[in-house]
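Knowing the structure of chain F, use the given hints to seat chain W on it.
Number of protein chains: 2
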Amino acid sequence: MPTVIAVDAMGSDRAPKPEVEGAILACRHHDVRVLLIGREPQIREELDREIAKHPTVGNLPIEIVHATEVIGMGEKAATAVRSKRDSSMRVGLRLVREGRAAGFVTAGNTGAAMATAKMVLGALPGVDRPALAAVFPTSVGKAAILLDVGANVDCKPQHLEQFAIMGEIYSRSIFGMSKPKVGLLSIGEEEGKGNELTREAYTLLRQLPLNFLGNVEGRDLYNGNVDVIVCDGFIGNVALKVSEGLVSAVRYLLKESLKSTISSQVGFLLSRRAFEDFKKRLDYAEYGGAPLLGLKGVCIVGHGSSNSTALKNAIRVAAQFADTRINEKIEKGLKSIPPRREPPPGPGMQPGSAPI
Amino acid sequence: MPTVIAVDAMGSDRAPKPEVEGAILACRHHDVRVLLIGREPQIREELDREIAKHPTVGNLPIEIVHATEVIGMGEKAATAVRSKRDSSMRVGLRLVREGRAAGFVTAGNTGAAMATAKMVLGALPGVDRPALAAVFPTSVGKAAILLDVGANVDCKPQHLEQFAIMGEIYSRSIFGMSKPKVGLLSIGEEEGKGNELTREAYTLLRQLPLNFLGNVEGRDLYNGNVDVIVCDGFIGNVALKVSEGLVSAVRYLLKESLKSTISSQVGFLLSRRAFEDFKKRLDYAEYGGAPLLGLKGVCIVGHGSSNSTALKNAIRVAAQFADTRINEKIEKGLKSIPPRREPPPGPGMQPGSAPI
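Protein chains in written order, with the working numbering: chain F, 1 to 356; chain W, 1001 to 1356.
Since the hints were derived computationally from the structure, they do not count as laboratory data.
Predicted model only: the values in this text are computed from it and were never measured.
From the structure, some residues in chain F lie toward chain W, with a derived Cβ separation under 7 angstroms: (1) Ser139; (2) Ala151; (3) Asn195; (4) Gly218; (5) Ile235; (6) Asn237; (7) Lys241; (8) Ala249; (9) Val250.
Virtual Cβ for every residue (Gly too), placed ideally from N, Cα, C.
The shape of chain F in the complex, shown without the other chains (with noise of 0.2 angstroms):
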């Protein structure tokens, strides 16, 4: 039986053109059903497009399911929940709570997404704060993931200690990491080093049945010592834009230079395909978009230009995050944390029964 996920038709820049190109390469190379959420015919459009082209696609197990609403990248993501009942997003959300999907999978709006997910789906039993984990290129190779970066901001130590038992079952399920190294971000190695969250974090993680190497820093993110980083979403997020600026910042200044003499120009030209393995391994669109961990269902969130091998490998990501049953473990290992006189509040979080 393939494993069925919901896909956002409407999310990313240039939608719906890469989710359709994403589902038809997904249900080629994988073992899943796709359902394409979205305008109909719109969708529907692209898709006959396709199947003209190559007829063979007619046969592949995609499906279109209509929603009326789009919600805008723009959009603000706590009233477009509100207002927009019927969005693709929320449509496609509710197909994973009611079970007719296994996953469900976005290249629209983050905050969106994250408040359509945590409310539509709701938090895990022994999760605070649902957290969106960055999957990223290191330079030995292989992926690592930063959590959380979509923004729980001024997280308690207790978030971070939670953050790392999903971190790390995602690390070892997903890349199939036998024992992950899990690292705190901060600001010096030592123990003593950081600020009052990452000290009061320390304690706790170093008592969890984690590979746990201490702190870590954000010259770690990259270099491959460190395969699971945990953080205040705001850290996170600051990070991972820093990154997405500075990755930018290069590659103009790196074609400017080039551009500079005409030997350089015909060096160019030579090294191209050096350059598009380069740029490939730089790219996030290989490594299947960035997982919302700690929710009672499947959501990965890709990059609003995203195109349609970030999307196929977005749908193979929510198919394995579904087949490995990760979310039964992350509630499994969460119960191995020892309880506590005063559990945290959720702040942001919303129950998993509101009206949807």
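Frame of chain F; chain W shown alone:
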């Protein structure tokens, strides 16, 4: 009258070579006199070697000031500062305090430099926490600064307010910006976005007589949209180290990709000049080190891997810092802040009158 700059000759990873060469370059190109601080025999040997190669070096205004102790890169700042009373850092900063040098430059242990400078020089009136400002290139060519990156953790909104004033004055004085754009590093552009600290700091910053843009995001560090970016030292330090790590990873991946085929190796040779230009643009060395702002005196901290160009530029910046009377401007600027009922305490700050 040349401006006298004291240089820690024992600071960098390959000290005293880059320091001696940097001093020579600085004296040749700028109106400065350099005091090289550290173990006299070692510095003398290096200087004599240079004089043997280029006899005119003997005529440059370079002197050696002996200091018996050296603070290592791996040493804990607090311990080193307390125990090594005749370190090159302490001797150099004492010369600044006594008015015998207009500024101090070191490429040594950043933590120790900050702690020693705070202890020996003390903070300017109105400054609760001196801040380390990182200077870096943007894709549009001009430099931007980020502060604090020196690990003033768990900052209060009032600290960020002071950072904004100090950073803005620095940007005007050193980079000649007429109305530098000041941004608050956060995770969304609207006023309400961010964490507790940034939301409160926003309210304070927008009341200052500055060109305040509001919240900026991590990706704005390198795109040239903002000239002065203000944040808590934990965030700034993470942002800086993430950037360093990413640049290393990018260089490595680019090299790996270029090694892959013959045509790209030929391409690389043809575009070598472009790569050198590219590396130079990414290179912190061009920007003259990180100033410590808010001290009664001038102190510039360079990277441990500083080369002679980086040290030359740091010496130039130290002289410019002193000559343009940045500290007087900062003192005046801070007086423009409306007084509040509870002045924040300045943890981590030592009185300037501590025994030296």
